[in-house]
Structures are given as structure tokens and as C-alpha cells.
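Student: Those protein sequences? They're chains V and R, same order as listed.
Quick note: the first sequence, position 299, residue 299 per the numbering used here, numbers continuous.
Quick note: the second sequence, position 227, residue 227 per the numbering used here, numbers continuous.
FYI, nobody ran anything at the bench for these hints, they're computed from the structure.
Remember, predicted model here, so these are calculated numbers, not experimental data.
A few of these clues could be false.
Same chains, same names: a pair is fine if it fits in one copy or spans any two.
Taking lysine-lysine pairs in the DSS-like style, the calculated list, with each CA pair at most 30 Å apart, reads [as the list claims (entries may be wrong)]:
id, residue 1, residue 2
1, Lys50, Lys194
2, Lys3, Lys31
3, Lys194, Lys31
4, Lys238, Lys337
5, Lys337, Lys31
6, Lys337, Lys50
7, Lys50, Lys70
8, Lys50, Lys257
9, Lys337, Lys3
10, Lys238, Lys50
11, Lys50, Lys299
12, Lys337, Lys194
13, Lys3, Lys50
14, Lys31, Lys50
15, Lys70, Lys238
16, Lys257, Lys238
17, Lys31, Lys238
18, Lys257, Lys70
19, Lys299, Lys194
20, Lys238, Lys3
Number of protein chains: 2
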Amino acid sequence: MGKRVGAQTVRLTHPPAVLSSAAVGGHMEGKGPLRDCFDELNEDHLWGQKTWEQAESTMQKHALGKALEKATLHEEDINYVLAGDLLNQCIGSTFSLRDTNIPFFGLYGACSTMGESLSLAAMLIDGGFARRAAALTSSHFCTAERQYRMPVPYGSQRTPTAQWTATAAGCCLLGETGEGPFVTHITTGRIVDKGITDPNNMGAAMAPAAYDTLSALFRDTQSSPADYDLIVTGDLGKLGHDIVVDLFARDGVDMTKNYDDCGLLLFDCEAQDMHCGGSGCGCSASVLCGYLLRGMREKRWNRLLFAPTGALLSPTSSFQGESIPGICHAVILSNTKEG
Amino acid sequence: MGKRVGAQTVRLTHPPAVLSSAAVGGHMEGKGPLRDCFDELNEDHLWGQKTWEQAESTMQKHALGKALEKATLHEEDINYVLAGDLLNQCIGSTFSLRDTNIPFFGLYGACSTMGESLSLAAMLIDGGFARRAAALTSSHFCTAERQYRMPVPYGSQRTPTAQWTATAAGCCLLGETGEGPFVTHITTGRIVDKGITDPNNMGAAMAPAAYDTLSALFRDTQSSPADYDLIVTGDLGKLGHDIVVDLFARDGVDMTKNYDDCGLLLFDCEAQDMHCGGSGCGCSASVLCGYLLRGMREKRWNRLLFAPTGALLSPTSSFQGESIPGICHAVILSNTKEG
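Same shape as in the complex, but just chain V:
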């Protein structure tokens, strides 16, 4: 039974526990600084399948399978799976889950999906509707490039503001009891659109949404950046990260001490020629499920603010000259139930 605190935040009365998490990734992720945090890395961009879309579904299957294995659970132990991805009609998720029997809620939050799925999974458990639930998402460089930009074989040049869609999937299992970390607070984002129209500059489009949601969270919970060991947005990349720091600086809030971004953590932007950093639902999902949750279990961080961001555009809306609406869903994870 949750308790509303402020306009956009709820505090969970019985904070659900992370039972396990798993991350899988591809070639570039295996060359990056977080390579040791993945449960599985595969050099084959088709993951043994015939198409990239099937490869993406296979990554989700592996992430879910590994998470279940690590928690010594079976799919019948999971009451709901909340999943989504970047593909049209979310086929990365629907085709990954069609062979399971887990009741399914399909989500679309673009690259914020891991935040949305964690939020809803935690509320379904705290509300007494589920004993356990899975939050699952993925992205694949080749499916995303073909769908959003140009087919990979064209070899299009990437702009300096471009980000690199992660080939990765992450799954986090939550349960009503466990050793933690725990989901203690959830701040749900509103759609923010400041008029950016360049689909190759997602960081600038999404940064105002991150600022909006993080501001709401600090206001609602009467906290400040210093109250967290680490604050991580999802996939804003270098430019978006710096915009968030600037926006908060105008309010006199210092974000320079403990604020990072999943898009900057997943890759070595310089060495891997990633321009502004990583992106895609699988980026924040794999950084959370691989790197961040491990760091919490190892007590490197005890209180983490995870705030993935999504750009809610489509190629059709861009062709029609529309600007890019952004959203950010934030979750506080803590090693104690008190948060």
C-alpha cells in the first residue's frame, strides 16, 4: 500500500526487494568498461537467429532466463512481466515472451522503459497484486538503426551529437520479500517538450524531462543530490548530461559531485568512437541490471537514484516537422527499507 508524497511521487510502504537481475550484451558492450558486469556477451549480432529482430527477442529471453536462474525461480513464480522496447509495436518484447505463460503488460516508454517497468512492478507488489514481478527491456543497434535512421549497410555518417544504440537487454526481478536492494520511492514523469526537432540530438531533447522529474523528486521527498550516493540518468549522453548539470546550476543545485549517465557508463565514448554515448532501452537496463545493482549489493553505493529518460518521437512525427517530447521516470533504490 503506497503513500503519495507530493505531486508525482509515491513512497512504498513495504518496499519491494530486488531478487536478482541480469544483463546481456553484444560486441560493443563487451569492449566497453562494463564488460565484466554482463551475465552474457555475444559477438554474434544475430544471436544465432535469422533476423536482428529475432536476435533482440533472444536477448530478452536470455536476460529473463538468467535472472530467473540467479534467483532460483521459474516462470510460474512470476505474477507479471512488464516489458517493452523501441521496435514498432514492441515486437522485441512480444516475440520474446510468447513462449512463456507469464501474464504480460506491454509498455512503451522509449529509453525510459526500465524506469517505467520497475515503477509499475514495484507498485503491483506493494499493492498486494503480485508476489513477484519482472521488469524487462532491450534494444539492438541494428534494429534501431534500420527503423529510426538508416539501414546499417548504408554506412551513413553519424553526427557529433549522435548516440549509439546499445545491443543489450536487462531484466530485474522484484519480490515482496528479500535482502534488497529495495525500491523505496517512485517519481513518475510528465511529458516535457522544449521544441528540439533534431532526432540526432536526443540528449538535448530529453534533458529537460530529466530535470523536470528529478526536480519533482527532490521537491516531493524534500531531498537534495547530496542525499544520494549516486544519481544516474538514462541515455542522455554527454550533451544531455551537461545540460542537466547546467539546468540545476541555475537553481543553485550542485549536480557535479555524484551524477552520471548510463549512456556515458556503458561505453568509452572516445576510445569506442561513440560520439555522445550509448542509448536505447537496453542501455539503462543493462547498466542498472549489470553494473549498478551489483555495486549496491557490494555496498559501493547504498542509496541510488535511477532516472532513465525516453524520447517519445517516431520517424513519422519527425517527418511531419514535430518536436521531440521527452519523459523521465525515477526510482530510488536503497540498501535499507527505510530508504
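Given chain V's structure and the hints, the job is docking chain R onto it.
Tutor: Same frame as chain V, now just chain R:
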């Protein structure tokens, strides 16, 4: 605080009330048998906008606006809006909501979206996370044809099994207190795929999912079709409806007395040349929000089983020879809290 009953169903402890609902529709909907149940009908398929996608977002805005007006509420009274649609990246919803300040969860359940959004909205309220929440969805014949089949100006011939995507939107506001009807039970669907590959025969692809979820609901709640005044699936159309009747007949369960389908209710299939009936997220949404909830308020039906279905394919998956996964989310609505 919900209570799990069986493998896929929850009973709501404090059943949320329908505060208001609104339906808007286009030309064909205004010629159909439910024309008097719409809050707004517009002959202009562009709804005064420049593109069909903008028209679809405008319909959602009008549906949300009318629902708020009917409940004498403002957007700041709504804690969450749960919305989705058929368009790539759900731009029907994201662009409709970017001017509001309501925290937003984006969903993708294809034509089952109204069932998914009602389910999650009801659980968020019963769990204490929201006082009020909105379930919102839409579809537009022209956006859907262009995206899934052929651009409308091509004048492609439609197959006999084809359905007609509704140009409509529906919004249902739920709250923790009210006069009802009430959402008393929720049965969340699993993905079911029986190998149908013809994207012009959605009814056959989705019928096994409807059978699966309705069977789970009857089993979990120990009820039978006779316990409901009306059972309505969403957008199976004529063929899918008849398949569901047949599948239950094999189990000795009689669905011939009180079972209808939103796709058959919205249009006069013969007179309007609709082939197998209506479809699209907006079909079940507008039939629920316009016709069915009015009938409940007028006590024509006191206990209603609403079970919209979705086909979780994309053009890409069909081009790759994949079959069509289906899903069905069911909700019991009752004029009494006891259900």
C-alpha cells in the same frame, strides 16, 4: 490492496469507481448503430489538423477533456494517465499528452490497450498510489491503414476477413470513491500464438487469446458465462467471435446467450460494408466509454465482463514470416462493489 485469486486474477479490495467516461468518433462511427452514445462526432477525418496522426492525438485530447468535464475535474486532479495506441512509438498518445502535466505511463497492448490501461489504473488506485487515474486510447482508420497495410489513397481491396479500424478515442476516469460502476476483478492475459500468419485475419489470430483469458477468469473466479449480464470481447469481429463460441463449446461452456464483441457493436457490418467488423484501440475504448458504461449506469447491465484483445504483430514481423501473437486483458465491471 488487492487480493490474488488464482493464477491470473486479482480481486480489488476497495473497487475503484468509474467517475466518468467519454467517447469521440469519426464519420463511419457516426453512421453506425452506436452514434447516439458518442460525446462528439466529427465528419472531418483531419479533425482540423494537418495530418492524420495529429488528428488522432486531437481525438485523444477531446476524449480526455470531455471525461474531465463530465466529472467536473481538472487535469491536476488526475494522478496518472495510462495511455497507448497503435501508432509506431505510440505517438497518438505522447503527442496528445505533451501539453498536459499529468504523470504518464505509456502502454502498448495493441487493441487490448483499454483493458490494460483500465487494469493498471484500477490497481494503482486500489493500491493507494493514486486517488484518480485516467485510461485513454485511440485509433484512426487512415493512420492505421498507412502504417499497417496500404496508404488509403491506393484504394486497395479488402479481404473478406478484414476488419475496419475505428476512428475513435475513449477515456475512462477511475477514482477511489464514487457511485460506480466499479472495477471489481482483473484478469491479465498471457501471450497466445496459435500460428496464424495472415495479418488480414486478426480475428482468428486473437480469438485463442480471448479464450485463454476468459477461461482463466472463469476458473480463477469460479464463475461461468451465466454469471454476467454481458460478456464483450474487443475487436475480434465476426470470425473471431464465432471461433471463441466454438472453442468454449468444446469445453461444454455456452457462450451463445450473452456474448458480443466491440467490433460487431460499433458498426452495422452489412450495411456499412465493414466485412468482419470494427477494430483498433479506439473501437473497444469507444464502445466501452460510450455504449457499455452508459448501459451500466442505466442498469441495462449490472455485471459486465469487458475483455479487449490485441494482435501483437508489426509489419516487420509479418514480412519476416512470423505468426501473430495475441493477448486479451479482462476486467469485471459491476454496479455493486461486491461484484
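Student: Each hint needs a verdict: does it hold in this structure or not?
Tutor: Hint check results:
1. Lys50 - Lys194: between (40 Å within a copy, 21 Å between copies)
2. Lys3 - Lys31: neither (43 Å within a copy, 47 Å between copies)
3. Lys194 - Lys31: neither (35 Å within a copy, 40 Å between copies)
4. Lys238 - Lys337: Cα proximity of Lys238 and Lys337: none, with 33 Å in one copy and 52 Å across.
5. Lys337 - Lys31: neither (36 Å within a copy, 57 Å between copies)
6. Lys337 - Lys50: neither (45 Å within a copy, 51 Å between copies)
7. Lys50 - Lys70: within (29 Å within a copy, 52 Å between copies)
8. Lys50 - Lys257: neither (46 Å within a copy, 47 Å between copies)
9. Lys337 - Lys3: both (14 Å within a copy, 23 Å between copies)
10. Lys238 - Lys50: neither (34 Å within a copy, 36 Å between copies)
11. Lys50 - Lys299: Close neither inside one copy (42 Å) nor across copies (54 Å); limit 30 Å.
12. Lys337 - Lys194: Neither, since 37 Å and 44 Å both go past 30 Å.
13. Lys3 - Lys50: neither (48 Å within a copy, 43 Å between copies)
14. Lys31 - Lys50: Classified as within; 24 Å inside a copy, 46 Å across copies.
15. Lys70 - Lys238: neither (33 Å within a copy, 46 Å between copies)
16. Lys257 - Lys238: within (16 Å within a copy, 62 Å between copies)
17. Lys31 - Lys238: within (19 Å within a copy, 54 Å between copies)
18. Lys257 - Lys70: Neither way: Lys257 and Lys70 sit 34 Å apart in one copy and 49 Å across, limit 30 Å.
19. Lys299 - Lys194: Answer is neither; intra-copy 38 Å and inter-copy 47 Å both fail.
20. Lys238 - Lys3: Classified as neither: same-chain Cα gap 35 Å, cross-chain 45 Å, threshold 30 Å.
Hint check: violations occur at hints 2, 3, 4, 5, 6, 8, 10, 11, 12, 13, 15, 18, 19 and 20; the rest are consistent with the structure.
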